[in-house]
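Trainee: Sequence:
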Amino acid sequence: VETLESSNGTVKVKLSSDFGPLVGASVKIEGTKRATATNQEGIATISGLEKGTYKFAFSYVGFGQPVKEITVK
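Residue 74 is where the sequence shown ends in this note's numbering, and the numbering goes up by one at each step.
Keep in mind that the hints were calculated from the coordinates and are not lab data. Every residue, glycine too, gets a C-beta built ideally from N, C-alpha and C. Check the hints yourself; a few may be wrong.
Said to hold, decoys possible - Listed below are the simulated EDC-like cross-link pairs for lysine to aspartate or glutamate, each with C-alpha atoms no more than 16 Å apart in a straight line:
hint, residue 1, residue 2
1, K74, E6
2, K29, D19
3, K69, E6
4, K56, D19
5, K34, E51
6, K74, E42
7, K69, E31
8, K69, E42
9, K15, E70
Stated by the list, open to error - Label pairs and their in silico Cβ distance ranges:
hint, residue 1, residue 2, range
10, G32, K74, 27 to 37 Å
11, K52, G21, 12 to 22 Å
12, E51, G21, 28 to 38 Å
13, K15, R35, 13 to 23 Å
14, S8, G63, 30 to 40 Å
15, E31, S8, 15 to 25 Å
16, G63, G10, 30 to 40 Å
17, D19, E51, 34 to 44 Å
18, T11, E31, 17 to 27 Å
19, F20, E51, 28 to 38 Å
Let the hints inform the model, and build the full structure from the sequences given.
Mentor: This is how it looks when you write it as structure tokens:
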């Protein structure tokens, strides 16, 4: 999981493996109903967030479910 952006209320992450981008992976903010899926490049964007630290949960078939804390500035 690579954080590409975490400012101005927007978080953009990229999910990939040794085989390339993880297309259609689930990206959720724990404790909220905010969720999305990665695009063809393995990138997911969630906008409209208040400043603060959020726990993002990621899931994809055949992989674990890592959680990453990301601070929005």
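Trainee: Compare the structure with each hint and give your call.
Mentor: Right, here's what the structure says about each hint:
Annotation: proposed proximity of K74 to E6 holds, straight-line Cα distance about 10 Å (limit 16 Å). Of the supplied pair hints, the one linking K29 and D19 is violated, its CA atoms being roughly 23 Å apart against a limit of 16 Å. Between the alpha carbons of K69 and E6 the distance comes to roughly 14 Å, so the proposed pair stays at or under 16 Å and holds. Note on K56 and D19: the hinted pairing is violated, with a Cα-Cα distance of about 24 Å set against a maximum of 16 Å.
Of the supplied pair hints, the one linking K34 and E51 holds, its CA atoms being roughly 15 Å apart against a limit of 16 Å. Of the pairs offered as hints, the one joining K74 and E42 is violated, with about 25 Å between alpha carbons and a cut-off of 16 Å exceeded. Using a Cα cut-off of 16 Å, the hinted pair K69 and E31 holds, with the two alpha carbons roughly 10 Å apart. For the hint linking K69 to E42, the alpha-carbon distance of about 20 Å lies beyond 16 Å, and the restraint is violated.
At roughly 14 Å between alpha-carbon atoms, K15 and E70 fall within 16 Å of each other, so this suggested pair holds. For the pair G32 and K74, the beta carbons lie near 20 Å from each other, so the given range of 27 to 37 Å is not met. Taken as a hint, the range 12 to 22 Å is violated for the pair K52 and G21, whose Cβ atoms sit roughly 33 Å apart. Judged by the Cβ atoms, the range 28 to 38 Å given for E51 and G21 holds: they are separated by roughly 33 Å.
Taking the beta carbon of each, K15 and R35 are about 18 Å apart, inside 13 to 23 Å as hinted. Remark: the range hint 30 to 40 Å for S8 to G63 is upheld by a beta-carbon distance near 32 Å. For the pair E31 and S8, the beta carbons lie near 21 Å from each other, so the given range of 15 to 25 Å is met. Hint check: G63 to G10, Cβ distance near 32 Å, so the stated range 30 to 40 Å holds.
In this structure the supplied range 34 to 44 Å holds for D19 paired with E51, their Cβ-Cβ distance being about 35 Å. Distance hint for T11 and E31: a CB-CB separation of about 18 Å, consistent with the stated range 17 to 27 Å. In this structure, F20 and E51 meet the distance hint of 28 to 38 Å, their C-beta atoms being roughly 36 Å apart.
The structure does not agree with the numbered hints 2, 4, 6, 8, 10 and 11 stated previously, though it agrees with the rest.
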